[in-house]
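Enquirer: Letter by letter, the chains look like this.
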Amino acid sequence: MIYFDKVTKKYLDGVKVVKDVSLTIEPEEFVSIVGHSGAGKTTLLRMLLGEEAPTSGVVFFESTNINKIRKTQMNKYRRRIGIVFQDFRLLPNRTAYENVAFAMEAAGRTDDEIISDVPHVLNLVDLGEKHGSFPQELSGGEQQRVAIARAIVNQPDVLIADEPTGNLDPDNTEDIIKILKKVNELGTTVILTTHNKDVINSLGRKRVITMEGGEVVRDGNGGYVL
Amino acid sequence: MITTTIRRIIKTGFTNFWRNGIVSISSILMMTVTLSVVIFLLLSSNLFSLTLDRVKNEIDINVYATTEATPEEVLKLKQDLEFLPEVDTIEYISREQVLSNFREKHRNDEQIIQALEALEESPLGAVLNIKAKEISQYSGIAKFLESKTVLSDEDPNIVEKVNYAQNKIMIEGLNKTINAVHKFGIALVIILIVVSILITFNTIRLVIFISREEIKVMRLVGANNTFIRGPFIFEGIIYGVMASFITIILSYPVLFWVNPFIEKIFLIDLLSYFFSNIFMFFGVSLVVGTFLGIISSILAVRKYLKV
Numbered sequence: 000m001i002y003f004d005k006v007t008k009k010y011l012d013g014v015k016v017v018k019d020v021s022l023t024i025e026p027e028e029f030v031s032i033v034g035h036s037g038a039g040k041t042t043l044l045r046m047l048l049g050e051e052a053p054t055s056g057v058v059f060f061e062s063t064n065i066n067k068i069r070k071t072q073m074n075k076y077r078r079r080i081g082i083v084f085q086d087f088r089l090l091p092n093r094t095a096y097e098n099v100a101f102a103m104e105a106a107g108r109t110d111d112e113i114i115s116d117v118p119h120v121l122n123l124v125d126l127g128e129k130h131g132s133f134p135q136e137l138s139g140g141e142q143q144r145v146a147i148a149r150a151i152v153n154q155p156d157v158l159i160a161d162e163p164t165g166n167l168d169p170d171n172t173e174d175i176i177k178i179l180k181k182v183n184e185l186g187t188t189v190i191l192t193t194h195n196k197d198v199i200n201s202l203g204r205k206r207v208i209t210m211e212g213g214e215v216v217r218d219g220n221g222g223y224v225l
Numbered sequence: 000m001i002t003t004t005i006r007r008i009i010k011t012g013f014t015n016f017w018r019n020g021i022v023s024i025s026s027i028l029m030m031t032v033t034l035s036v037v038i039f040l041l042l043s044s045n046l047f048s049l050t051l052d053r054v055k056n057e058i059d060i061n062v063y064a065t066t067e068a069t070p071e072e073v074l075k076l077k078q079d080l081e082f083l084p085e086v087d088t089i090e091y092i093s094r095e096q097v098l099s100n101f102r103e104k105h106r107n108d109e110q111i112i113q114a115l116e117a118l119e120e121s122p123l124g125a126v127l128n129i130k131a132k133e134i135s136q137y138s139g140i141a142k143f144l145e146s147k148t149v150l151s152d153e154d155p156n157i158v159e160k161v162n163y164a165q166n167k168i169m170i171e172g173l174n175k176t177i178n179a180v181h182k183f184g185i186a187l188v189i190i191l192i193v194v195s196i197l198i199t200f201n202t203i204r205l206v207i208f209i210s211r212e213e214i215k216v217m218r219l220v221g222a223n224n225t226f227i228r229g230p231f232i233f234e235g236i237i238y239g240v241m242a243s244f245i246t247i248i249l250s251y252p253v254l255f256w257v258n259p260f261i262e263k264i265f266l267i268d269l270l271s272y273f274f275s276n277i278f279m280f281f282g283v284s285l286v287v288g289t290f291l292g293i294i295s296s297i298l299a300v301r302k303y304l305k306v
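Going down the list, the protein sequences come from chains U and Y. If you're matching positions, the first sequence starts at 0 in numbering that gives the first Met the number 0 and goes up one per residue. If you're matching positions, the second sequence starts at 0 in numbering that gives the first Met the number 0 and goes up one per residue.
If you're looking for bench data, these hints aren't it; they were derived computationally from the structure.
List of simulated lysine-lysine pairs, DSSO-like, C-alpha gap at most 30 Å:
id: 1; chain 1: U; residue 1: K70; chain 2: Y; residue 2: K10
id: 2; chain 1: U; residue 1: K67; chain 2: Y; residue 2: K302
id: 3; chain 1: U; residue 1: K70; chain 2: Y; residue 2: K215
id: 4; chain 1: U; residue 1: K5; chain 2: U; residue 2: K67
id: 5; chain 1: U; residue 1: K129; chain 2: Y; residue 2: K10
id: 6; chain 1: U; residue 1: K205; chain 2: U; residue 2: K18
id: 7; chain 1: Y; residue 1: K142; chain 2: Y; residue 2: K77
Please read these numbers as outputs of a predicted model, since none were measured by experiment.
Please construct the entire structure, taking both the sequences and the accompanying hints into account.
Expert: Have a look at this one:
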């Protein structure tokens, strides 16, 4: 479903942040990418999102070369991918409900769909009762759950979670990972980046890709090796 | 689909406007300042041109004919003068009229009336009052009259006196003042408008700068540019509309307060002028405000849409 073919990313100062990475991610897989800060995890994801172009090599989403998607079509492509960030990135002036509804409005969904889907997704992340709260009224864990609800409400093919538990305490971290597993079980491919050992251990025998200095140094099932 | 999008854009615009409270108010106030400057300039340019018209109307050249000149000769001179392109109107005042005007003016002065009675014939000749189209053209007309009197082969000369020389200093002084005020006025107008537009633009840019992270998030969630830009533009329109209402409403007490002074100095009732043209003033500020709001929003958002 997602293919990185000999992808290298070099910044203007000549530093290679991603070196000759080749990867295949299958549909409905749950893949974790681990590595220290600066290992190239985020850059890899940014290339998948089309926010950055590889210096050499290609990134494919199904049969589409992401780097060849026209600017005007980019927003349609992005609707097929849900994203969750370490810093949540909710719209501060909107309630939990409106944040989730915004993703549906942006995708051009009808009012009926919004009215029926948003409460459903908020229930899925256990926030049914807090739909009217603004982000600053929610805890970090709750904000991240709103972000997940927003990311999955349009039923994307892939959910990218970039260090989603980086700002959370262990209890909230556990909740978020549970929700991500649930989303994966419902049929969405999940790509998770983290440098938290407990997170990886809690995922059991799922696939873990380890990156170091821009290269993939290990790609296998289970375990946290750094 | 399109109506849904427009409806959502308008709804989001209103929501953002409401929830951004203080920021929205400051934008409206900045815009009100700009629109007030526009209204002020409109009013003062009107005041200036009305005053100018009045002063212009009071200026003329008087040609005093000799007592020997027959009405036909004076009317012939009038005809000649009317051929000049500079001349706007010429008023002919006959000897009889001049005399009765003079009597009227001095009717309380026994001595003069008696002296006048003693004379067999009126000592006053006919008069031509000449008005030029532009103040600067009086000197041309005066030159023509001079050539008529000095170089005239008609004998005897029918022109006793032209009062241009007396008025000359005043006319030329006024002419210079008008030119200076005009140039200075245009420069002032341009500076004021540019400054206030820049201030409004910067305020709106600041408002959108606050939202730059939101814009990024919207893009990542898959919103297209129209959907992101729309609410900001709509907010810009709200600023413009609200600011023009406030400007017009605030203009009333301010004008009410300054009008007596203006009436004393310029002899013009600005308040009634404002009221008889209130829709024009409202329309102008509405158009300027809305345009400014839209343009500022488009330019400010554009910067953050390049992800």
